[in-house]
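Can you make the complete structure from the sequences, with help from the hints?
Protein chains in written order, with my numbering: chain A, 1 to 217; chain B, 1 to 324.
No lab work stands behind these hints: they were computed from the structure.
Just so you know, not all the hints are guaranteed correct.
Unchecked claim - Here are the simulated DSBU-like cross-link-like pairs (lysine-lysine), alpha carbons at most 35 Å apart as the crow flies:
1) B:K274 to A:K201
2) A:K116 to B:K143
3) B:K136 to A:K212
4) B:K215 to A:K55
5) B:K216 to A:K55
6) A:K195 to B:K128
7) A:K116 to B:K128
8) B:K209 to B:K128
9) B:K318 to A:K170
10) B:K289 to A:K195
Unchecked claim - Cβ-to-Cβ under 10 Å is the rule here; a few derived chain B residues that face chain A:
11) F131
12) D135
13) F159
14) S162
15) V305
16) H314
17) Q316
18) E320
To be verified - On the chain B side, residues computed to face chain A include the following (Cβ under 7 Å):
19) N298
20) A299
21) N309
22) A310
23) Q313
All C-beta atoms, glycine included, are put in the ideal place defined by N, C-alpha and C.
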Amino acid sequence: MNLPTKVFNKGRNMSVRTKIMKKSVAALILFSIMILPHYAYAGVAAETVHRYADKVLDVLRDPVLKAESSKKIKKEKIRLIADDMFDFTELSKRTLAQNWNRFDSSQQKEFIHLFKSLLADAYADKILAYTNERIVFSKEIQYSDNTAEVRSTVISKTAEIPINYRVILKGTEWKVYDVVIEGVSLVNNYRSQFKEILLNKSPESLLETLRKKVGKS
Amino acid sequence: MKAVNILLMLSALMLSPSVLMADVSLPDPNVEQCVAPPVLIALQSASDDNNRQIVLPDAATAGNLQISFGETVPIADSQASEDEIMIALTQWNSAEEANGIETTKSESAIIPEEKEVEIADPLFPVNKAMFEFNDKLYFWGIKPVTQVYSHTVPEEFRFAISNVYDNLWAPCRMLNNLFQLRFKAAGNELIRFIFNSFAGIGGMGDMAKEALGIKKQDADFGQTLGHYGVGHGFYLVLPVFGPSSMRDGVGLAADQFMHPLTYVSSNTLTFVEKVGISAHEEVNSTSFKIGDYESFKNAAVDPYVSMRNAFIQHRQHKVELSRQ
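Quick look at the structure:
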């Protein structure tokens, strides 16, 4: 019974021991805080999406690019980030679903390219219309080993809009393959459109429709 | 002394990541648990449609079809629905890159967006015509009026007006929440109604959200019907109101009966005046959304189908929210 106390007190008096104890606890707490990742509820997927979102916001908030004339520069910068953030091949495959195999490989490549342009044209202006809304990332849900959903909310003056990103692990990088806004999935929506069109038309005519649409804007 | 410290440090190291990741690995009660059918369908030859066959790696079910190990079934004979094949196909396509053509026995959870949401559209010609009508109505009627209105009335006023109208819908939301047996939400809407009507001076300010932090609990009768399992019936495009369905059309009508203005006697407000008030409400709320329809059309390859699909996805989402 006496032995443990003897061991602890060996060669030290009470006050010094307390001091060292306090220092160690402080160091421990500091160390723990340092190794904490930045975001609670964050897995790697959520962090990745958050990072990309931050990059886009940086471009949008850049005071150097505030002028109307720098719109093109902003668009280009955001397009580069989107190229990195999204996996357009995965997106294209999922929107064509069964019909993917009706396209030969050169048509598939063209489809991916056209679809990317279509989305860029469609959403560029919406993104550029950003006026200081807050984006809050809330949680990440794992669907399987390589798929997950990252939830966020865009808080504007008039509304709070839930936007979820579905991500897939390609190699070591998480890429976005679907965006779900207020419960409406982009992939699902385009899939229904392409399905309807390809019921009666050939892949080539869909490509022609897309070419015309993208060419117009 | 040192040993205790090291032990503490090690345990902190081990615990903290897991504490933080805890939320990631826990099944989210908000997410519909994707129950996987124990099937991963592998396609023997993807190129030739006619010769495509299904080989199931395990005793499994595909739709109504029970197949045992190793049996091959030509697709034409299978009763597996098109959707299930499509789900498996999409799965296969993504698995293809990761694993080569080999099938894996691992999880084949249905990823949410693979769930097909479909609606019958027997009135397609009528609906399409109505869709075109609404389109013209927007560009030739509603949009010009709304633009003039936005230029005339400053944003803060329009905002306050939209709050007033929103407040008048509170009884409807409260009742629908009650019908859905969401008592807390119903209570919240009641509090919001009373509080906003007084502290928000007739509802002009959403004081309940700002001061009390109580957010709007949206609910409508179409959602209530969906909550109890009533299906859409069929797709219906209404003039002015836009995309709807048999169920949601009934919902819209029922919602009108829960609106205070319906019960104001016709001596105070004639029917035409009531319609005028509704029109004002519509124009006022559209003033915040000018440009939305245009960008929607710009983004869509087939606007009619896109709108129909977005509508049913959105309504399904609302019903799912009501079930939480």
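Checked hints:
Among the hinted pairs, B:K274 with A:K201 is inconsistent with the structure: their alpha-carbon atoms are about 48 Å apart, more than 35 Å. Distance check on the hinted pair: A:K116 and B:K143 sit about 30 Å apart at the alpha-carbon level, within 35 Å; holds. Distance restraint check for B:K136 and A:K212: the Cα-Cα separation of roughly 23 Å lies within the 35 Å cut-off, and the hinted pair is therefore satisfied. Annotation: proposed proximity of B:K215 to A:K55 holds, straight-line Cα distance about 31 Å (limit 35 Å).
Among the hinted pairs, B:K216 with A:K55 is consistent with the structure: their alpha-carbon atoms are about 32 Å apart, no more than 35 Å. With a C-alpha separation of about 18 Å, the suggested pair A:K195 and B:K128 falls inside the 35 Å cut-off, and the hint holds. Between A:K116 and B:K128 the CA atoms are separated by roughly 28 Å; this keeps the pair inside 35 Å, and the hint holds. For the proposed pair B:K209 and B:K128, the alpha carbon gap of about 40 Å is over 35 Å, so the pair is violated.
At roughly 32 Å between alpha-carbon atoms, B:K318 and A:K170 fall within 35 Å of each other, so this suggested pair holds. For the suggested pair B:K289 and A:K195, the alpha carbons sit about 29 Å apart, so the restraint of at most 35 Å is met. Checking B:F131 against chain A: minimum C-beta separation of about 14 Å lies over 10 Å; hint violated. With 10 Å as the threshold, the beta carbon of B:D135 stays out of range of chain A, its nearest partner Cβ sitting at about 17 Å, so the hint is violated.
The interface hint given for B:F159 is met, as the beta carbon of that residue sits about 7 Å from the closest beta carbon of chain A, less than 10 Å. About 8 Å separates the beta-carbon of B:S162 from the nearest beta-carbon of chain A, less than 10 Å, and the hint is met. Because the smallest distance between the Cβ of B:V305 and any Cβ of chain A comes to about 5 Å, under 10 Å, the interface hint for this residue holds. Interface hint status for B:H314: upheld, as the beta-carbon distance to the closest one in chain A is roughly 5 Å, under 10 Å.
About 7 Å separates the beta-carbon of B:Q316 from the nearest beta-carbon of chain A, less than 10 Å, and the hint is met. Restraint check, B:E320 versus chain A: the minimum CB separation of about 8 Å is within 10 Å; hint holds. Interface restraint check: B:N298 against chain A, minimum CB-CB distance 6 Å, threshold 7 Å, status holds. This hint holds: B:A299 has a C-beta 3 Å from the nearest C-beta of chain A, less than the 7 Å allowed.
A hinted interface residue such as B:N309 counts as satisfied when its beta carbon comes closer than 7 Å to some beta carbon of chain A; here the least separation is about 4 Å, so the hint holds. Because the smallest distance between the Cβ of B:A310 and any Cβ of chain A comes to about 5 Å, under 7 Å, the interface hint for this residue holds. Because the beta carbon of B:Q313 sits about 4 Å from the nearest beta carbon in chain A, less than 7 Å, this interface hint is met.
Checked against the numbered hints listed earlier, the structure breaks hints 1, 8, 11 and 12; every other hint is satisfied.
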